[in-house]
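A.B. asks: If you read the sequences in order, they're chains H and V. Residues 1 to 290 (the numbering used here) make up the first sequence, in order. Residues 291 to 555 (the numbering used here) make up the second sequence, in order.
If you're looking for bench data, these hints aren't it; they were derived computationally from the structure. By construction, the Cβ of each residue, glycine as well, lies at the ideal position given by its N, Cα and C atoms. Mixed in with the good hints there might be a few duds.
[What the hints assert, rightly or not] Restricting the straight-line Cα-Cα distance to at most 27 angstroms, the calculated cross-link-like pairs of lysine-lysine (DSS-like) are: (1) 534(V) - 327(V); (2) 402(V) - 191(H); (3) 402(V) - 206(H); (4) 191(H) - 327(V); (5) 463(V) - 191(H); (6) 191(H) - 206(H).
[Claimed, not checked] Anything over 12 angstroms on all C-beta distances counts as not near chain V; from chain H, calculated: (7) 31; (8) 42; (9) 55; (10) 70; (11) 87; (12) 95; (13) 143; (14) 220; (15) 229; (16) 240; (17) 273.
[As the list claims (entries may be wrong)] Between beta-carbon pairs, the in silico distance windows are: (18) 201(H) - 335(V): 29 to 39 angstroms; (19) 140(H) - 426(V): 29 to 39 angstroms; (20) 510(V) - 201(H): 42 to 52 angstroms; (21) 526(V) - 34(H): 46 to 56 angstroms.
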Amino acid sequence: MTSKSTTFAAAPIAGVWGLFFRSARAPRPGKRRLPVETEWSTALVVCIQTGLLAGLVAAWEICARVCVIDPFFWSLPSAIWATGVVYFTEGNAVVDISYTFRSTLLGFFIGTVSGGLLGLSFWWSRNYARVMQPLIICLESMPKLALAPLIILVFGLGLPSKVVIATALTLVVSTLTAYAGVRAIDRDQEKLFYSLGASRWQVFTKLVAPACVPWLISILRVNIGLALTGAIVGEFVASQFGLGRTILYAGQTYEIALVWVAVFVLSALSMIMYAAVSWLEGLLRRGAYG
Amino acid sequence: MIALPKLALDGVSMVFDANGSRFTALSPISVEVQANKFVSLIGPSGCGKSTIFNIVAGLQPPTAGRVLIDGADATGLIGQVGYMLQKDLLLPWRTVLDNVCLGMEIRGLPLKEARQRALPLLRRYGLSGFETLYPSSLSGGMRQRAALLRTLLVDMDIVLLDEPFGALDAQTKAQMQEWLLHLFNDFGRTVIFVTHDVEEAVFLSDEIHVMASRPGRVIETLPIDLPRPRDRAIISSPRFVAIKKYCLDLLRLEATENASASIAA
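Based on the provided sequences and hints, a complete structural model is requested.
C.D. replies: Next up, the structure:
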């Protein structure tokens, strides 16, 4: 009896609701499932990638041979390969690679370390940081590569000028990153240290420096690319060795195949250094957080 | 013959001058805390509890007044008391053990020696098995334990605890309170405890200072004469309930007065 009355009471209400609200709603979609993409096996992905690359190289070769693209400007993969073999066996590939490699690494190291230290130094005095900040921002916005000819004049044709350009590119970024790390330090964390009676040096070594390490680690990969750019541009302006110098020289003498060889070697060098820095980053992160 | 108080605030006040308008965070207060007592400060937010702590810890100079520790002027001196802030502030790059050692290290103890001293205490106070872990893998309660041990291991007679259990869930909080009482018994320090939670204050303390805001001041000091050691069951005893009710009424009265004052203004 009671259950009957409730059903009677409920039904008309539901009907009224239905009248007013059902019709106002957007039409319901049909049965639809979560879209899921089935994942290809790694082997298949690698096969496709290799195929694409091979196809691209083949298309280049064919187009150049039938003169769809001008082989004088674009060269041919076969010619590039032959030039590459000569460059490595008879040319000065090893000298060029080690030259570019050295200036990049030196610039990367000097720029990151000194930039990091400079950024950290801003923690010591807010007044000093305030004085320095606009200068750093000026340096940041200045196109440092535009100074390359001047740097070559001052530091000479040799390795030092390339290192200086690579350093200039990485230094400012590192400084700003380390300073961002300094500013991100929790004021309460400093309070805790001081409440324990810490000296400023203790706060710096036990709190500020370690807190900024992850920030500096995060900039390593960016910096290696910047350092390489700096080194190459330095070689473009004036140099006796290096991959950048080879590219410039080959371009000026219309040895387009050699340009490509140097560009590919440079890409390989860049990838290797990037991988090495990524590995270093992982190592440092594990060191920093167990 | 009255014993020299461990800590005394002698007319300490704090006035902020912010672009012309004066804000009294703390009107002159004088409080004495006897050695080996557990004293709580309760009151609404903005009543100057944290300001008192910053002044006692030497992190903020008071506008007027002195802080006396064992009768000696300690105004503006850092490193005279152990101070645990609301957040645990454990360093993410240090293991739990090394975090606990931080205070001793800053005191100039070599890390190796500090570890030797801390290790048995970690084991004894519920952190065994966590020594080599990093804080990120600890629960809130465990992090607070580590932070508190770090504070206690600095060997300061006076320990300031600023709402250490404020962010914990009710159950963990109850556990931590008992754990803290256990530690308080073992270490025998003078503890000053800030909390919003009246029940927590009554359960833990020997004395409660009830504070009011605008301006921050102490409106009443209540001795808590409940016997020690205390058990959780005490919470439902008539005496406990009466004290708790009295504190709550004081705070409520203060809140309504403040509200009516602000309506009048």
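A.B. asks: Could you run down the list of hints and mark each one as holding or not?
C.D. replies: Each hint tested on the structure:
1. 534(V) - 327(V): Holds: residue 534(V) and residue 327(V) sit about 19 angstroms apart, inside 27 angstroms.
2. 402(V) - 191(H): holds, 25 angstroms
3. 402(V) - 206(H): Holds, at roughly 16 angstroms.
4. 191(H) - 327(V): At roughly 25 angstroms apart (the allowed maximum being 27 angstroms), residue 327(V) and residue 191(H) satisfy the hint.
5. 463(V) - 191(H): Answer holds: residue 463(V) to residue 191(H) is near 25 angstroms, not above 27 angstroms.
6. 191(H) - 206(H): holds, 13 angstroms
7. 31: holds, 41 angstroms
8. 42: holds, 32 angstroms
9. 55: The claim stands: residue 55(H) keeps its Cβ more than 12 angstroms from every Cβ of chain V (closest is about 47 angstroms).
10. 70: holds, 58 angstroms
11. 87: Residue 87(H) clear of chain V: closest Cβ-Cβ about 47 angstroms, beyond 12 angstroms.
12. 95: holds, 43 angstroms
13. 143: Per Cβ check, residue 143(H) is outside 12 angstroms of chain V; nearest 37 angstroms; holds.
14. 220: holds, 17 angstroms
15. 229: holds, 32 angstroms
16. 240: Residue 240(H) is indeed farther than 12 angstroms from all Cβ atoms of chain V, at 46 angstroms.
17. 273: holds, 27 angstroms
18. 201(H) - 335(V): 29 to 39 angstroms: Distance hint for residue 201(H), residue 335(V) holds at roughly 36 angstroms.
19. 140(H) - 426(V): 29 to 39 angstroms: holds, 33 angstroms
20. 510(V) - 201(H): 42 to 52 angstroms: Distance hint for residue 510(V), residue 201(H) holds at roughly 45 angstroms.
21. 526(V) - 34(H): 46 to 56 angstroms: Between residue 526(V) and residue 34(H), where Cβ atoms are some 52 angstroms apart, the hint holds.
Figure legend: structure checked against the earlier numbered hints; every hint is met.
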